[in-house]
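Protein chains: 2
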Amino acid sequence: MAADAQQNSQEQEVIMKAPLLNNYAEQYRRELLNNVLPFWLRHSKDEKNGGYFTCLERDGRVFDTDKFIWLQGREVWCFSYMYNMVSPKEEWRQMALHGAGFLEKYGRDANGNWYFSLTAEGRPLTQAHNIFSDCFAAMAFAALDKIAPEDRYKEIAVNTFNNILQRKDNWKGIYNKTYPGTRPLKGFSLPMILCNLSIELEHLLGAQQVDALVPDVIHEVMDVFYQPNHGLILENVYPDGSFSNSFEGRLLNPGHAIEAMWFIMDLGKRRQDPALIRKACDILLHTLEYGWDKEHGGIFYFMDILGHPPQQLEWDQKLWWVHMETLVALAKGYELTGEVRCLQWFEKVHQYTWSHFRDEQYGEWYGYLNRKGEPLLSLKGGKWKGCFHVPRALYQVWKTWDRIME
Amino acid sequence: MAADAQQNSQEQEVIMKAPLLNNYAEQYRRELLNNVLPFWLRHSKDEKNGGYFTCLERDGRVFDTDKFIWLQGREVWCFSYMYNMVSPKEEWRQMALHGAGFLEKYGRDANGNWYFSLTAEGRPLTQAHNIFSDCFAAMAFAALDKIAPEDRYKEIAVNTFNNILQRKDNWKGIYNKTYPGTRPLKGFSLPMILCNLSIELEHLLGAQQVDALVPDVIHEVMDVFYQPNHGLILENVYPDGSFSNSFEGRLLNPGHAIEAMWFIMDLGKRRQDPALIRKACDILLHTLEYGWDKEHGGIFYFMDILGHPPQQLEWDQKLWWVHMETLVALAKGYELTGEVRCLQWFEKVHQYTWSHFRDEQYGEWYGYLNRKGEPLLSLKGGKWKGCFHVPRALYQVWKTWDRIME
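Protein chains in written order, with our numbering: chain A, 1 to 406; chain B, 1 to 406.
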């Protein structure tokens with residue numbers, strides 16, 4: 001436990017009873033190992049063509065066979081990571097290799113850019129227009145290389161990463177529909193993911209390259225996209241970080257900002273920078289207070305920083321990844337700062353998330369709830385939900401509570 | 001009244017009491033003239049820059065100043081049309097000219113393609129990637145030419161129309177992200193709108209060119225996209241009309257299909273083709289029965305023809321245009337076939353629509369409701385909702401009931 005937590009010892013003691021009663025570490029560990037990973041092992045393997053099915057109905061039945069590169073990469077990463085970090089189960093390594101073989105064979109175009117989607121058999125459906133396909137492919141092969149080292153895995157990871165850095169300032173390339181110059185906004189997604197990606201690739205890039213990259217990424221997230229007057233992180237800003245009063249400029253994505261805050265806390269830990277950790281923790285808490293639905297509970301998907309109607313019709317829905325990432329950020333915030341509000345919020349978000357997203361009957365977790373917290377779609381996986389946020393968060397929260405309780 | 005309606009006279013008589021009690025024609029006329037058109041006249045004119053504001057809060061306050069070409073064109077069309085068809089009010093003609101001046105000056109790129117959006121001042125924001133901008137611009141200048149004839153309005157309308165025909169088979173052009181050949185689906189939107197557009201431009205194209213275009217459009221809608229085994233119209237099919245078992249291929253948009261059915265009925269009336277009208281009416285009724293939310297009322301936005309989870313998170317929302325277009329289609333279906341189910345459904349959809357979408361307090365109509373029928377967004381206009389579906393439908397239903405009651 002961090003030193004700050006020793007303060008206000010009376011208040012602290014009362015609150016500490018909750019985690020002692022609720023053995024969070026054990027709860028999250030068990031869910032990961034007994035429910036979530038087995039669900040994907042059982043239902044997502046495409047034995048015939050290689051790769052994974054990710055469009056899974058409530059009970060795991062495949063309802064669509066298209067292969068989305070984001071989710072193929074993320075599942076390779078997940079099983080590699082769990083093999084490396086949790087337990088060297090051969091079944092997990094084989095699962096990771098199974099997806100990687102498909103990705104390696106079919107995933108890239110002639111320029112080495114990753115397609116967005118493929119048919120079940122691996123024929124390209126959607127061009128390489130989305131740089132996040134490349135991000136998750138790089139993550140996949142970097143993680144795989146840790147458990148099944150191969151020069152070609154290293155090469156794929158590093159080449160893809162360098163390609164991302166080259167494309168990053170104009171990654172939409174020919175598919176960019178924005179008229180140049182009129183309103184040159186830049187988006188938060190890429191700096192945010194580079195934050196995480198550079199750490200994931202550290203064993204390949206070397207600490208020196210990562211150390212050179214990290215300050216710029218931290219600056220982008222914490223100075224450029226963060227708006228001190230609101231205490232919030234915007235999704236799109238002018239190059240100098242100034243505000244654009246437009247649909248894109250007013251957009252908040254609380255889950256996105258909160259997820260970034262645990263990436264930043266990880267970087268703060270790495271750099272032994274308690275001020276950075278404290279700032280990330282404050283932004284996390286402020287975003288959560290702002291994004292929490294006071295009427296029905298849960299965290300909104302999209303908001304407008306001036307309170308205008310957002311253009312996203314799904315703005316009031318409650319998404320699995322938003323809540324999972326928030327649990328990770330709160331656990332880490334509590335671990336690293338001892339801030340009691342992190343603990344109080346963790347308990348509240350934990351209650352909401354487990355009681356609304358978890359499917360008692362068929363296992364795994366729902367992805368999409370309506371504002372009132374009822375399932376909006378019955379699926380366990382689709383075009384965007386795969387084997388990633390749920391298991392990663394379960395792992396992160398489990399390990400964080402283990403450290404807190406040490 | 002059509003001859004068919006004379007059958008089952010007893011049942012008919014009972015049902016006819018409702019419209020006699022409810023003077024629909026008067027109700028729709030009054031709403032158009034006393035509520036909806038005045039709302040847009042009052043709130044949407046940009047006096048400084050020209051053009052219209054369409055992003056209007058519940059009470060009409062402007063919350064965003066960007067100009068979307070779809071909505072600029074549609075509002076020019078609307079005021080031109082009302083001047084032409086309802087009453088030659090100078091205020092309406094001026095309002096149409098006001099938007100047309102802005103469109104003419106700023107709307108097109110160097111190739112004569114229409115941008116998707118502009119700033120308030122008319123600087124391009126989004127490239128000309130969306131052919132529906134061109135469709136609504138052509139409609140606008142064709143309608144304007146009827147009330148303020150000018151060679152340059154004719155020229156803009158005809159050149160834009162010819163440009164649409166040239167681009168129609170690959171209208172996304174360089175912005176097309178689909179990998180060529182793997183799954184060559186075509187979409188329903190363009191044939192559907194061409195259906196309506198060719199009639200709108202008849203005074204410029206001549207009856208001969210329209211007569212030459214129409215059979216192909218009818219064939220596309222009624223043979224290629226219509227799936228006889230389901231009795232439903234798909235949004236995306238293979239070139240020969242066959243089914244693709246994919247997210248795009250399984251997609252139903254009931255409002256879209258229903259809107260197309262009244263375009264087809266108009267064409268059937270023009271061609272004096274009762275079999276075509278009957279078929280359109282049957283498809284309308286079947287789509288409505290399929291798309292109606294039996295639990296909460298209203299028509300779903302998106303569905304999957306195999307009952308799988310759709311990829312659109314807004315699938316269960318109730319949208320204004322879906323319900324307005326359905327009222328038009330039902331009124332026309334009843335007028336042209338006398339089919340009693342059209343009347344029964346009209347009453348039901350009328351009840352739902354007026355009680356849920358209409359804003360008693362501030363005028364005009366809400367655009368977006370959640371599944372339970374509560375406003376999801378407070379706006380009266382935005383990026384997609386402008387001065388179009390509500391007034392057009394109010395006019396169409398008014399006039400149709402006038403003819404029915406003659």
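Some clues are possibly wrong.
Note: identical chains are not told apart, hence a pair may lie in one copy or across any two.
[Stated by the list, open to error] In the BS3-like style, the derived pairs of lysine-lysine whose C-alpha atoms are separated by at most 30 Å in a straight line are: (1) K105 / K186; (2) K48 / K177; (3) K154 / K45; (4) K154 / K383; (5) K269 / K48; (6) K177 / K45; (7) K89 / K372; (8) K348 / K372; (9) K383 / K45; (10) K372 / K294; (11) K186 / K372; (12) K383 / K186; (13) K383 / K372; (14) K45 / K279; (15) K383 / K172; (16) K383 / K105; (17) K177 / K279.
Because the hints were derived from the structure by calculation, they are not lab data.
Verification of the hints:
In this homomeric assembly, K105 and K186 come within 30 Å of each other (Cα to Cα) only across copies, at 29 Å, whereas the closest approach inside a single copy is 33 Å. With identical chains, the CA atoms of K48 and K177 are at most 30 Å apart between copies only, with a shortest distance of 27 Å across copies and 38 Å within one. Taking the shortest Cα distances, K154 and K45 sit within 30 Å of each other inside one copy (24 Å), while across copies they are farther apart (59 Å). When the C-alpha separation of K154 and K383 is checked against a cutoff of 30 Å, the pair qualifies only within one copy, where the shortest distance is 27 Å, while the shortest distance between copies is 45 Å.
Taking the closest pair of Cα atoms, K269 and K48 never come within 30 Å of each other, the shortest separation being 44 Å inside a single copy and 53 Å across copies. Proximity of K177 and K45 under a CA criterion of 30 Å is satisfied inter-copy only: 27 Å between copies versus 36 Å inside one chain copy. For the homomeric pair K89 and K372, neither the shortest alpha-carbon distance inside one copy (40 Å) nor that between copies (47 Å) is at most 30 Å. Taking the shortest Cα distances, K348 and K372 sit within 30 Å of each other both inside one copy (16 Å) and across copies (27 Å).
Proximity of K383 and K45 under a CA criterion of 30 Å is satisfied intra-copy only: 16 Å inside one chain copy versus 41 Å between copies. Within a single copy, K372 and K294 get their C-alpha atoms as close as 11 Å, and across copies as close as 19 Å, so both meet the 30 Å cut-off. For the identical chains of this complex, K186 and K372 are neighbours neither inside a copy (33 Å) nor across copies (37 Å), given an alpha-carbon limit of 30 Å. Taking CA atoms no more than 30 Å apart as the test, K383 paired with K186 passes in both settings, with 25 Å inside one copy and 21 Å between copies.
Proximity of K383 and K372 under a CA criterion of 30 Å is satisfied in both settings, with 23 Å inside one chain copy and 26 Å between copies. Taking the shortest Cα distances, K45 and K279 never come within 30 Å of each other, neither inside one copy (42 Å) nor across copies (45 Å). Proximity of K383 to K172 under the C-alpha cut-off of 30 Å is found in both arrangements, the shortest distances being 20 Å within a copy and 23 Å between copies. In this homomeric assembly, K383 and K105 come within 30 Å of each other (Cα to Cα) only inside a single copy, at 21 Å, whereas the closest approach across copies is 42 Å.
Taking the shortest Cα distances, K177 and K279 never come within 30 Å of each other, neither inside one copy (36 Å) nor across copies (40 Å).
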